[in-house]
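Position chain B against the provided structure of chain A, taking the given hints into account.
Chain order of the listed sequences is A and B. So in my numbering, spot 183 of the first sequence is number 183, and the numbers just go up one at a time. So in my numbering, spot 10 of the second sequence is number 10, and the numbers just go up one at a time.
Where chain B lies over chain A, by a calculated footprint (3+ residues, C-beta under 8 Å):
1) 202 to 213
2) 241 to 252
3) 308 to 319
Per label pair, the in silico range of CB-to-CB distance:
4) G357/A / R91/B: 16 to 26 Å
5) A326/A / E93/B: 27 to 37 Å
6) E93/B / H379/A: 27 to 37 Å
7) F89/B / R417/A: 24 to 34 Å
8) R91/B / A326/A: 26 to 36 Å
9) H379/A / F89/B: 17 to 27 Å
Because the hints were derived from the structure by calculation, they are not lab data. Note that CB positions come from ideal geometry on N, CA and C, so glycine has one too.
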Amino acid sequence: MRWWIIAGLLSCWLFPAMAQAQVKGLIVGPGAQRYRLAVSPLRNLGAAGDAGRLSERIADVIADDLDRSGWFKVIDRSAYLENPQRTGIRLGRFDFRDWATIGAEGLVKGGFRVRGARVEFELWLYDVFRQESVVGKRYSGDIKDARRMAHKFVDEIILKLTGTRGVFDTRIAYVSTGGDRFKEIYVSHLDGTERKKVTDNRTINLFPSWAPDGKGLVYTSYKNGKPQFLSFDLEANREKPLSTRNGLNLGGRWSPDGRHLVLPLEQGRNVDLYLLNHAGAIVRRLTRNAGIDVSPTWSPSGDRIAFASDRQGSPQLYILTLASGAIKRLTFKGSYNQSPDWSPSGDRIAFTGRSNGVLNIFTIRPDGGEHRMITSNRHNDEDPSWAPDGRFLVFASDRSGSRRIYTMRVDGESQRRLTGSVGDDTDPSWSPRLP
Amino acid sequence: MKRNAVFLLFCSLSLTMLVSCVPPPVEPEGELSSTPPVEDPAAPSDSGAIAEGDLAQTKQDGMGQTSLSAHQEGTLPDPGVLADIFFAFDRSELDPDARDILQRNSEWIKQNPAVTIEIEGHADNRGTNEYNLALGARRAQAVKDYLVTLGNAPDRLSTISYGEELPVCGVDSEECWVKNRRAHFVVRAQKPAS
Numbered sequence: 001m002r003w004w005i006i007a008g009l010l011s012c013w014l015f016p017a018m019a020q021a022q023v024k025g026l027i028v029g030p031g032a033q034r035y036r037l038a039v040s041p042l043r044n045l046g047a048a049g050d051a052g053r054l055s056e057r058i059a060d061v062i063a064d065d066l067d068r069s070g071w072f073k074v075i076d077r078s079a080y081l082e083n084p085q086r087t088g089i090r091l092g093r094f095d096f097r098d099w100a101t102i103g104a105e106g107l108v109k110g111g112f113r114v115r116g117a118r119v120e121f122e123l124w125l126y127d128v129f130r131q132e133s134v135v136g137k138r139y140s141g142d143i144k145d146a147r148r149m150a151h152k153f154v155d156e157i158i159l160k161l162t163g164t165r166g167v168f169d170t171r172i173a174y175v176s177t178g179g180d181r182f183k184e185i186y187v188s189h190l191d192g193t194e195r196k197k198v199t200d201n202r203t204i205n206l207f208p209s210w211a212p213d214g215k216g217l218v219y220t221s222y223k224n225g226k227p228q229f230l231s232f233d234l235e236a237n238r239e240k241p242l243s244t245r246n247g248l249n250l251g252g253r254w255s256p257d258g259r260h261l262v263l264p265l266e267q268g269r270n271v272d273l274y275l276l277n278h279a280g281a282i283v284r285r286l287t288r289n290a291g292i293d294v295s296p297t298w299s300p301s302g303d304r305i306a307f308a309s310d311r312q313g314s315p316q317l318y319i320l321t322l323a324s325g326a327i328k329r330l331t332f333k334g335s336y337n338q339s340p341d342w343s344p345s346g347d348r349i350a351f352t353g354r355s356n357g358v359l360n361i362f363t364i365r366p367d368g369g370e371h372r373m374i375t376s377n378r379h380n381d382e383d384p385s386w387a388p389d390g391r392f393l394v395f396a397s398d399r400s401g402s403r404r405i406y407t408m409r410v411d412g413e414s415q416r417r418l419t420g421s422v423g424d425d426t427d428p429s430w431s432p433r434l435p
Numbered sequence: 001m002k003r004n005a006v007f008l009l010f011c012s013l014s015l016t017m018l019v020s021c022v023p024p025p026v027e028p029e030g031e032l033s034s035t036p037p038v039e040d041p042a043a044p045s046d047s048g049a050i051a052e053g054d055l056a057q058t059k060q061d062g063m064g065q066t067s068l069s070a071h072q073e074g075t076l077p078d079p080g081v082l083a084d085i086f087f088a089f090d091r092s093e094l095d096p097d098a099r100d101i102l103q104r105n106s107e108w109i110k111q112n113p114a115v116t117i118e119i120e121g122h123a124d125n126r127g128t129n130e131y132n133l134a135l136g137a138r139r140a141q142a143v144k145d146y147l148v149t150l151g152n153a154p155d156r157l158s159t160i161s162y163g164e165e166l167p168v169c170g171v172d173s174e175e176c177w178v179k180n181r182r183a184h185f186v187v188r189a190q191k192p193a194s
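Chain A extracted, bound-state conformation:
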């Protein structure tokens, strides 16, 4: 269904520099105190009743996103003093003392109006101490897209308070057994809601990876009985083959400019990396080696590709420079390093490493410096994928017994599970910013 979101600034921020300075110091940086926010249920501004319970549901979405970011502590709603349906939502129409009393530093208020199948939101973030507005936005669209509007508002809040837009209006693609015996590809919000099944061919589908424009996925599928490399256009709801060569067509990725693909292919006797054009034709072979070369990931400028290879015995990460063809080993610590993912800003590569017999998430600079262990538990954490802001990672973990998808900040803080999953979930891929 086609839909429209129109959003605009409702007002200027009165003292943006002051508000930013005050808040920014509080919420950025590891170990920082979490900014205490209240998220009021929204006021119904329309004539119609709130049959869909938007008032609380949308406040819940905003509160959950804010909490999930790890930068905010959302004060429990039961502590709120004012009646949200009786007080105003704009500056001067409510009493900041009702919020200062319960310890709120920030306050999200807003209203909505339902007309038929459509809804309009007016959403505000206020600074309770300064008694001024920090962010004000209006959104309108189909009611079914109400959650997405709430995510967009949270992203605005995070942009205002940290200088970089949030990532709550993005999606995670992953593989799930969905409780049965097949592996299908799903896309959901990063809290696990708004889940959609992308493939439904009742075979094995693996390694989803996003197109750089966020409009499609590529993946490996056994739907035709062999491991082939396919793409799925999420807008047109259409699947097409990109590489159906004999042997493995294994977990490829679009280049950042969307003009090429890198794909591990089993041509002849071994798996090597190949450069493909956008239609899937081989441009050239990139690696020529007796080892297994898999899991390629592009640098954001598209000039290099990191990948995993067992060419020197144990699986380690390597970086290929495309212009020269030079290949340099990246990881030297540990006997098992796999599944690299290059950060959107280019300064780090996340990967899976084995330590003390379990898998954990690590990051390293592309020059080999700052080799850091990010997760450290007794279970297996693997397959990291960067959020488009470079501040969060998504990964798979078996810490709960079955394999599930988790998000975390890149410092390892704020680890949260995707909710509502059934079966085993693996191979997460974080979308770029969505159109």
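Chain B alone, transformed into the frame defined by chain A:
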């Protein structure tokens, strides 16, 4: 030659699994368009059309008796016909036991010239799926190479890797891993499509 019932596994593959393309429904009344433009028209990052595809596809029942679904349903070919062989952890070399089994398999393949053989390479679940798929491919290729050296025509032998995706044993123990690190043989009635 016909003393054994040849196990035939037809891969009735739907080469094109039709994806239902649901045309976007007509925009409802357009109450939004009757709304006056929002105050700040210069907010391009938040405005504009966002088309959203409905990802639900029609379910295709009876997706064919692929080796894949046969495995998952536990209807393996008679193991007496072509026995599985097993590998050491992270290795694709054939040990003497494997060679013995392959020599017996080779005799059967030669005595049944009407069939072709698909060699499946499998791995245990340690390591990434990508790596294990590549390892499974290596194992299947090693088996094919050996069968060719025993005098079988290469064009009767195809390989496919399932990596760690189709374990016969689902527990994380050495006992299970040994069983999963295997090459398995699927007998087909005719030449596989290339």
